[in-house]
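Student: Quick note, the sequences are listed as chains A and B, same order.
All letters in the first sequence, in the order written, are residues -2 to 567 by this note's numbering.
All letters in the second sequence, in the order written, are residues 29 to 362 by this note's numbering.
Read the hints as simulated data drawn from the structure, not as lab findings.
Using N, Cα and C, we set each Cβ at its ideal position, and we do this for glycine too.
Take these hints with a grain of salt, some might be off.
On the chain B side, residues computed to face chain A include the following (Cβ under 8 Å) [stated by the list, open to error]:
hint: 1; residue: L43
hint: 2; residue: N137
hint: 3; residue: A141
hint: 4; residue: A159
hint: 5; residue: Q170
hint: 6; residue: I224
hint: 7; residue: T280
hint: 8; residue: I296
So the chains spell out like this:
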Amino acid sequence: MDSIRNRLILIAVLAVASIWALVPRSVTTRVIDKNSGAWRDTVVKRIPIRYGLDLQGGIYLALEVDESKGTVANKSEAIDRALKVVRNRIDQFGVAEPVVQKSGTDRIIVELPGIDDPQRAADLVKSSAFLQFQITDKTNALDKALPRIDQAIRESGVLKTVPGATTKGADTARSPLDLFTKPDSGAKKTDTSKAAKGAKSDTSKAKKDTSAPDTGLFGNANGPFSKLVQPGQSPGEYLVDLSQLDLAKSYLSIPAVQAAYPPGKTLHWGNENLSVQGKNYATLYVVDTRPIITGEYLTDAKPANDPIEGNIVIFTLNNEGGRRFRAETGKHVGDYMAIVLDDIVMGRPPVIQSAIGTRGQITMHGAPLQKVQDLALVLRAGALPVPLRVVESHQIGPSLGADSIRDGVRAGLVGVALVVLIMVVYYRFSGLLAVLALGLYVLFTLALLAGLDAVLTLPGLAGLALSVGIAVDANVLIFERIREELDHGKTVRAAINDGFSHAMSAIIDSNVSTALTALVLYQVGTGPVKGFAATLLAGIAASMVSAIFVVRTFYMVWLQRTRGTQTLSI
Amino acid sequence: MLRILHDTKIDFIRLWKVTTAVTLAFILPGMILVATQGYRYSIEFTGGTLMQVHFNTPPNVADIRSSLDGAGLAGAEIAEFGSKSDFVIRAQDKRHVAEQGSGAESVGNEMRAALTQKFGAGAFTVQRSEAVGPKVGGELRQKALYAVLLSFLVTLIYLAFRFEWRFGVAAVIATAHDILATLAFIKYMNMEISLIVVGGILTMIGYSLNDTIIIFDRVRENLRKKRRESLYDTLNRSVNETLPRSVLTHSTTFATLLALALLGGEVIRPFALVMLFGVVTGTFSSIYVASPILLYIETRWPRAVGEHGGVGPRASPKRGKSERTGERPIAAAR
């Protein structure tokens, strides 16, 4: 009697606790405002079960240290530092419930629910955001270094890509003497691999020469690199025909060429192209290697709109940075200052008119608002200590997620309905008790998932439906046992008691072995599969409680109510 | 009381020669096919790029092909996905996977750009894209293999703990049979091995082991009771006694899986198919693989007189009291 009451109380407590765990509650999330495109906070009410990316749509990225430009000594430690920066950026980006975590020793996992532009997400996470201010060269240092650079290119052997091209020895032997006599043919011979293109660029250069009379050296230049570049409009600025950009970039990526740069100077490409007399040019800047200041002093960066410059980023330096900046810019009045982000010169370097203090701006030259916002964000969040690269990315559109939920829920409901039908038709009253317990089972499972903060994925939904099918197995085992005991002529009460106790070892064995497999799956799986394992584990725990404890209690209540006249419908 | 297959006396074990021939005829050709052709693996395992694209108007497949070829993605595979406006594009060949070593997203961007150029920016939406670098794919292959082996080992240890070694060996061989049969099934269906399929195989292992355990649990119990009966008869009796349960449980599981396979969508279907087959092979192996092997082991290494099915340490004391007489420690059998 008392034991029945205690059991009922326990079941009631479990049910109430489960319902409470699943009551929709207010959650503050950030959403993109449809009108302005900016993030804003909203409060939504929803059931506290987390959906996986495959159900709500979103992006998954796995990143590692990019060692293509030099090895990193302590990768695990570097990843830890990078993790902080990435987390900082993602937090400021304002995704609802993002995941940023270390996986293993050398990987960062980023999950961004609700975002569906993988390129933007990747850029945001892996852009180094290393900001430097460098004074452009005004001594024409590159002009003097050009012969050395050309020489380095010839010696590197990249020109011999086409069979039958001149050998390295012949190349060096001919330069520089006869080059001056027949510049055009010389250029063609030197650069056989690009003969056709080279000729085209030569004619264009000839045209350009007339408009820029102070470039005598360049007019005669016909080294592989020097014939590609011509002076620009401000000190340290050079122009490269857009069609030759890839070739020029490939030259500059040769280490021997980089070693031939003018001492104390370095070369950066600009992010803006220039149009001169109807032709498009990429910009190349020669700047002091030593930056006058770097982004480490930056305290704030905000997107803004300037009537002339368009979208810009306004940044603020801290006091120390401001002091240094003021002192350095004071020394360089009249010089041009390149704002270099991740080795790219942003906009065209402005001239320093007077000492600058703690505030400055980066011109983005007509970039869309979103790009400017993202740049301000990564500047605020700080530079990445090591370069990262994406090793895995998954993106699921929100509509696909919605379809998955619809399909999964529909299939699950049909499956559960079939199970209910089979159980009630076959076991009648007892089947009904089992179905009642099954209702509690689903409730417990969902509450467990919510309580453990597990993620419900599409395979998880399948796992839930499947575990309903498996959950009734315990009831089937018990009912079959009870039937056998009844066949042996036992009373209903004794048959129920023995049915439960005799079925127990089989139930425990089978559930434990399934749980062990699920545990392995949980350990090894990622994302969706992990979700499946979690659902299966929660399902096993809940089914043990509902099939054994709850159904037993139902029987006890029924036995007490119908004392005397007992024929069990099973 | 509605009863099916109640009190049956079918001689299941007698059929073991026929069923062995049947199962070998199923598994062997499959294994030969696997050995000669291998499997198709999903990009999770091989590395590569997959993009599921929905077009606003059904496009010409040749147009998709030519746009990709033009962008240097000639090795990409294009397949319809559910409807005439939905396509899945896969770039899984070695060259494209290698290209992703420097950044997994590169090939996906090329695909997007090529399609935009051909069809225009608003003409299609990318529903899903997956990009896996070569290193990650290799790691996952290892992990999946490790998972299957580990779950195998863990259940083996559990069986050794709960049952006598004869039962454990028979159950493990039955499970190994199920894995082989499922692998052959996957090959016949020309299914792709993906993480979700591996998940299906692992779940299938658990489920099939369940079934074997239920029958063996009954064998163990009957061995304690019926002392005058040969093991052959005990096995048959046990299978017959658990038959109603098997039919019921398998039909409920089968029903849910069928619903998942037919209505659950493309992502779930491979999993549901593997499990559907798992229910069939699991049932089959419990009766026709596990039981005959137990019988074989028994004749090869007969148990000592009076030893009955190795009552585990957790057998209920109530039951043990009347039947434990004459029982010896398991070690006595060797």
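Student: Each hint needs a verdict: does it hold in this structure or not?
Tutor: Right, here's what the structure says about each hint:
Below 8 Å, beta-carbon pairs count as interface contacts, and L43 of chain B has none with chain A, the closest being about 24 Å; its hint is therefore violated. The restraint placing N137 of chain B at the interface with chain A holds, with a minimum CB-CB distance near 6 Å, inside the 8 Å limit. With its C-beta approaching chain A no nearer than about 10 Å, A141 of chain B sits outside the 8 Å limit, and its interface hint is violated. Satisfaction of the interface hint for A159 of chain B is found here, the shortest Cβ-Cβ separation to chain A being roughly 5 Å, below the 8 Å cut-off.
Hint status for Q170 of chain B relative to chain A: violated, with the closest Cβ pair at about 10 Å, above 8 Å. Interface hint status for I224 of chain B: upheld, as the beta-carbon distance to the closest one in chain A is roughly 6 Å, under 8 Å. The closest approach between the C-beta of T280 of chain B and any C-beta of chain A is roughly 5 Å, which is under the 8 Å cut-off, so the hint is satisfied. A hinted interface residue such as I296 of chain B counts as satisfied when its beta carbon comes closer than 8 Å to some beta carbon of chain A; here the least separation is about 5 Å, so the hint holds.
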